[in-house]
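What follows is each chain in one-letter form.
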Amino acid sequence: DAMVIQNPRYQVTQFGKPVTLSCSQTLNHNVMYWYQQKSSQAPKLLFHYYDKDFNNEADTPDNFQSRRPNTSFCFLDIRSPGLGDAAMYLCATSRVWGSANEKLFFGSGTQLSVL
Amino acid sequence: QKEVEQNSGPLSVPEGAIASLNCTYSDRGSQSFFWYRQYSGKSPELIMFIYSNGDKEDGRFTAQLNKASQYVSLLIRDSQPSDSATYLCAVKNIYNQGGKLIFGQGTELSVKP
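Protein chains in written order, with my numbering: chain F, -19 to 95; chain R, 77 to 189.
Chain F extracted, bound-state conformation (with noise of 0.2 Å):
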């Protein structure tokens, strides 16, 4: 089945101690999202690669980083996380971007904990 993927589902990590999250779409589509979620609040957008153009909200922290190699893989680096960086990180998935019923499909998420 065509879908998105993330791993690893749950990821611990050290203060400080760069780590890298993963996410994969079989459904060839154009649009890539991560989103940062805090618990019991709303997912809040870091940024999005329509094709190869990254496009960084204009208050993600510089500690967040973005690749995409290609159009299946996306990748978040958080530099030097600290422990307000604990939360769930989604990526998510649309064929465009700028429709208004184009609707995001999400992965199974990356509960990240800092120690």
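Calculated from the structure, these hints are not laboratory results.
Think of the CB as a built atom: it goes at the ideal place given N, C-alpha and C, for glycine as much as any other residue.
Careful, some of the hints might be misleading.
[To be verified] Cut-off 25 Å, straight-line C-alpha distance, at most; resulting in silico cross-link-like pairs (SDA-like, lysine to any residue): (1) Lys18/F with Asn36/F; (2) Lys188/R with Leu1/F; (3) Lys83/F with Ser116/R; (4) Lys118/R with Leu1/F; (5) Lys83/F with Gln173/R; (6) Lys176/R with Asn83/R; (7) Lys18/F with Gly85/R; (8) Lys78/R with Asn50/F; (9) Lys188/R with Tyr127/R; (10) Lys78/R with Leu1/F; (11) Lys83/F with Arg59/F; (12) Lys188/R with Lys78/R.
[Unchecked claim] Partial selection, computed: residues in chain F whose CB lies under 10 Å from chain R: (13) Ser20; (14) Gln21; (15) Tyr30; (16) Lys32; (17) Ala80.
Model the placement of chain R on the given structure of chain F, informed by the hints.
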């Protein structure tokens, strides 16, 4: 003011009752509105979307949109314990936000057997 506001709940309803979930939004130019269900520790899954004023029905779910009042709601008929989850409202304005979905914090629904 938050861009998308929802009562965090918990909203508790008995099995078989109608659950009514509400959402208000601040951007009057928003065109499309989405309801996602999120079980604890899981990712959001799309239930319905709506972009015209009025009601849209899909099985036990009805989405209602009132753009003049900047209000969107989700009704769940014949609520089941398996409906217990957090329901996220999300809004999109393609003219000033592109494809960005802006989420509310969600309403926790608990359906009691």
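A quick look at each hint next to the structure:
no.: 1; hint: Lys18/F with Asn36/F; in the structure: 19 Å, holds
no.: 2; hint: Lys188/R with Leu1/F; in the structure: 37 Å, violated
no.: 3; hint: Lys83/F with Ser116/R; in the structure: 22 Å, holds
no.: 4; hint: Lys118/R with Leu1/F; in the structure: 16 Å, holds
no.: 5; hint: Lys83/F with Gln173/R; in the structure: 15 Å, holds
no.: 6; hint: Lys176/R with Asn83/R; in the structure: 22 Å, holds
no.: 7; hint: Lys18/F with Gly85/R; in the structure: 17 Å, holds
no.: 8; hint: Lys78/R with Asn50/F; in the structure: 36 Å, violated
no.: 9; hint: Lys188/R with Tyr127/R; in the structure: 32 Å, violated
no.: 10; hint: Lys78/R with Leu1/F; in the structure: 29 Å, violated
no.: 11; hint: Lys83/F with Arg59/F; in the structure: 30 Å, violated
no.: 12; hint: Lys188/R with Lys78/R; in the structure: 31 Å, violated
no.: 13; hint: Ser20; in the structure: 7 Å, holds
no.: 14; hint: Gln21; in the structure: 6 Å, holds
no.: 15; hint: Tyr30; in the structure: 8 Å, holds
no.: 16; hint: Lys32; in the structure: 16 Å, violated
no.: 17; hint: Ala80; in the structure: 4 Å, holds
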